[in-house]
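Student: Take these sequences, add in the hints, and give me the full structure.
Those letters in the sequence shown? Residues 117 to 373, by this note's numbering.
Incorrect hints may have been included.
Unchecked claim - Cβ-Cβ distance ranges computed for the label pairs, FRET-style: (1) 183 x 321: 34 to 44 angstroms; (2) 204 x 314: 29 to 39 angstroms; (3) 121 x 254: 35 to 45 angstroms; (4) 138 x 335: 16 to 26 angstroms; (5) 265 x 286: 19 to 29 angstroms.
Because the hints were derived from the structure by calculation, they are not lab data. Idealized CB from N, CA, C, for every residue including glycine.
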Amino acid sequence: ELSGTLAEQRLGALAKDYPELPLHQMKIYLLEGSNRLLGGMSEVSSNRAKRYLEKLGVTVLNNTLVTDFDGTTVRLQNGNAIESKLVIWAAGIKGNIPAGIHRDVVARGNRIKVDRQHKVLGTENIYALGDVAYMETPLYPNGHPQVANVAISQAKNLANNIEYLIASKNDKIIDFEYEDKGSMATVGRHLAVVDVPKPKLHIGGWLAWFIWMGLHLVLILGVKNRIQVFINWVYKYFTYDQSLRLWFKDYNAKSTA
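Tutor: Structural data, given as structure tokens:
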């Protein structure tokens, strides 16, 4: 998503705000350590996302690991090197473990191991949810995806369980089971991918992009807020005016315009 955004800025906002820059020399590389993009989504959507990025001018390199960056050169594990003064590290998130949590219950990515009722292993009345929680289940033996839907579902389940615990209705406490309602990712304008588990569908392009926008619009709290956001989106769609961007120009530089 980030590389797609940068590619679109190169074609749009940067070209408009910095006409003096030789943007044809700007190269965007996406270095992926695994064998495909969007590992949490289907292979169909992964391949589509790669094609979309390449369509935007992004060079996608799978199975590529970075070993060093000295400020001017990115060195890769395969021995190759890319000359660049700018590297954006977007390799995911890492949990911030609070004091008192034993290292024995910390999994890969600094995620805290919890049981099916969200309780930190080996503790009482200490719970972890969302991205920082690592829960193994038959359907998710390597933990759940670190996405908002999982965190929201876990929060609802834990809230209900705590209410039952307070009311001494322990027999109603249930283990967490995540119901996957699908995954989606945007690559650029009119370019997105959507996976729907039931029925099993893989959607791409225009339709996926509108589905992504529609879902995010529905999730906004309040009718007034939704209307304001919708009007703002429509305006930006037709005018290409991204009012929230903020570019800093060097006014001491000589303009070639």
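Student: Each hint: holds or not?
Tutor: Hints versus structure:
1. 183 x 321: 34 to 44 angstroms: For residue 321 against residue 183, whose Cβ atoms are near 36 angstroms apart, the range 34 to 44 angstroms holds.
2. 204 x 314: 29 to 39 angstroms: holds, 36 angstroms
3. 121 x 254: 35 to 45 angstroms: At 37 angstroms between Cβs, range holds.
4. 138 x 335: 16 to 26 angstroms: 41 angstroms Cβ-Cβ, so the 16 to 26 angstroms window is violated.
5. 265 x 286: 19 to 29 angstroms: holds, 28 angstroms
In summary, the structure is inconsistent with hint 4 from the numbered list given earlier, while agreeing with all the others.
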